[in-house]
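Undergrad: Please model the entire structure based on the sequences and the hints provided.
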Amino acid sequence: MVNSQFYDKQMRSLTLKVENVARVFARKTLFEGITFKISSGQSFAVTGKNGSGKSTLVKILCGLMTSSRGTIQYTVDNAVVPIDELFPHIGLVSPYLNMYDEFSGEENLQLFAKIRGIPVDQKYIDELLQRCTIYEHRKKEVRYYSSGMKQRLKYCAALLHRPVLLYLDEPSANLDEQGIGVVREVMQEQKQNGSLIFATNDELDLKYADSILDLNSLKIG
Amino acid sequence: MMTGLIPYQIFVKEIISEFRTRYALNALMMFVVTTLTMVVFSLGDNDVPYEILSGMLWIIIFFSAMSGLSRTFVAEEERGTSLTLRLLTKATNVYIGKLMYNIVLICSLSVFIALAYQFIIDDFVVQSQSIFWVTILLGSIGLAGASTILAAIIAKANTKGTLFPVLSFPILLPLLLTCIRATVLAVEGAFISEALKDFQILISFAIVMIAASVMLFNFVWND
Chain A
1 MVNSQFYDKQ MRSLTLKVEN VARVFARKTL FEGITFKISS GQSFAVTGKN GSGKSTLVKI
61 LCGLMTSSRG TIQYTVDNAV VPIDELFPHI GLVSPYLNMY DEFSGEENLQ LFAKIRGIPV
121 DQKYIDELLQ RCTIYEHRKK EVRYYSSGMK QRLKYCAALL HRPVLLYLDE PSANLDEQGI
181 GVVREVMQEQ KQNGSLIFAT NDELDLKYAD SILDLNSLKI G
Chain B
1 MMTGLIPYQI FVKEIISEFR TRYALNALMM FVVTTLTMVV FSLGDNDVPY EILSGMLWII
61 IFFSAMSGLS RTFVAEEERG TSLTLRLLTK ATNVYIGKLM YNIVLICSLS VFIALAYQFI
121 IDDFVVQSQS IFWVTILLGS IGLAGASTIL AAIIAKANTK GTLFPVLSFP ILLPLLLTCI
181 RATVLAVEGA FISEALKDFQ ILISFAIVMI AASVMLFNFV WND
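Just so you know, the sequences run in chain order A and B. For the first sequence, our numbering begins at 1 and goes up steadily by one. For the second sequence, our numbering begins at 1 and goes up steadily by one.
Keep in mind that a hint or two might mislead.
What the hints assert, rightly or not - Now the stretches of chain A that chain B is said to cover, found in silico as 3 or more residues with beta-carbon under 8 angstroms:
hint, stretch
1, 59-72
2, 94-105
3, 109-121
Quick caveat, the hints were computed from the structure, so don't treat them as lab data. Glycine included, C-beta positions come from ideal geometry on N, C-alpha and C.
TA: Put into structure tokens, the structure is as follows:
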């Protein structure tokens, strides 16, 4: 089921070109020669054993970390977007992104909308909270959330500005069966309404990918 | 929403966050009360020259500021929210929002210290209140301007607590010396025209620090 209300009526086009990206830590190469291209309507998965650099690659692609070599180019609606101005176009769900503990779930989302400079659409915020089944906990401070509830709130935050490209690092982490179901719906919708890049070792998640980069062999399948 | 309002939203977030967590406020108040008490007891009934008392006032303001001003960035790093913030808006908006918060924090703190200091220390009698309060205001803005960028730098280091005053001291020395000189003039009851040169230095210091920080912050924040 595609719930198009969570996306822009007019789909934006995006192209991501990654060429020969490498990351070196303390003279040790974590990965190198990573080259791929994705466009709107496509999904791309990164897999590999623990420590192979999945999260590092996601951070580099989101502009949260610099690569040691190589180039990354984003084009949105035929205009090249510098990596430090990428934030309006991407959403990220990841274990290393935290919400503000002293604010409630709802306040976090309202705050993020204000800091992003977009209108606080309370109806849309309520829809996101209901969809991620944390609506009844919306007034609770995030410090009292369970890890699963925090993960659901991260999905709300990542979808709040209707990103054209959604990054998911360990998409199903900390989630129960119902939560995983919601995530799979979101992944399916994002594939149809924008682009999706995710890092996982879960075989079921990998079924949502059009192409898969295995960091162990550096092959794209 | 106008993008010019984004720094204001970050400032509001900082204020609400501070009142809910008391990360900086409690530490600052404890520091100020403890230091003022120690100064009063150590002075006893001795006659201390007003030049020394003026210097001591700025020592208290400097170290109080050092114990609280870095919290705005250190707390983001410790709670793991700095990456979240980086994904929300431009670096410049974050800097301006945090600077606004630090200016409000240090101005309130300095006013509190200055009032308490005048009230507690009998020998510290300010003849020219206008010079005194302009110095407190400009000195606080300069302190906030320099320490905000330093706080962003040290937030990424391992030894945050010790690095902040050590790095700040040489940068803030010209500001502190000027503030002390202007405070001495205020105690002596000088005319405001005599303090204009010091005010110009304080204003220039704040402008240079804030302008350089706006240009450099992107590299500090996104690295």
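Undergrad: Against each hint, give a clear statement of whether it holds in the structure.
TA: To see whether the hints hold, each was checked on the structure:
1. 59-72: holds (count 4)
2. 94-105: As far as the stretch 94-105 of chain A goes, the hint holds, because 8 residues have Cβ atoms under 8 angstroms from chain B.
3. 109-121: holds (count 8)
The structure agrees with every numbered hint stated previously.
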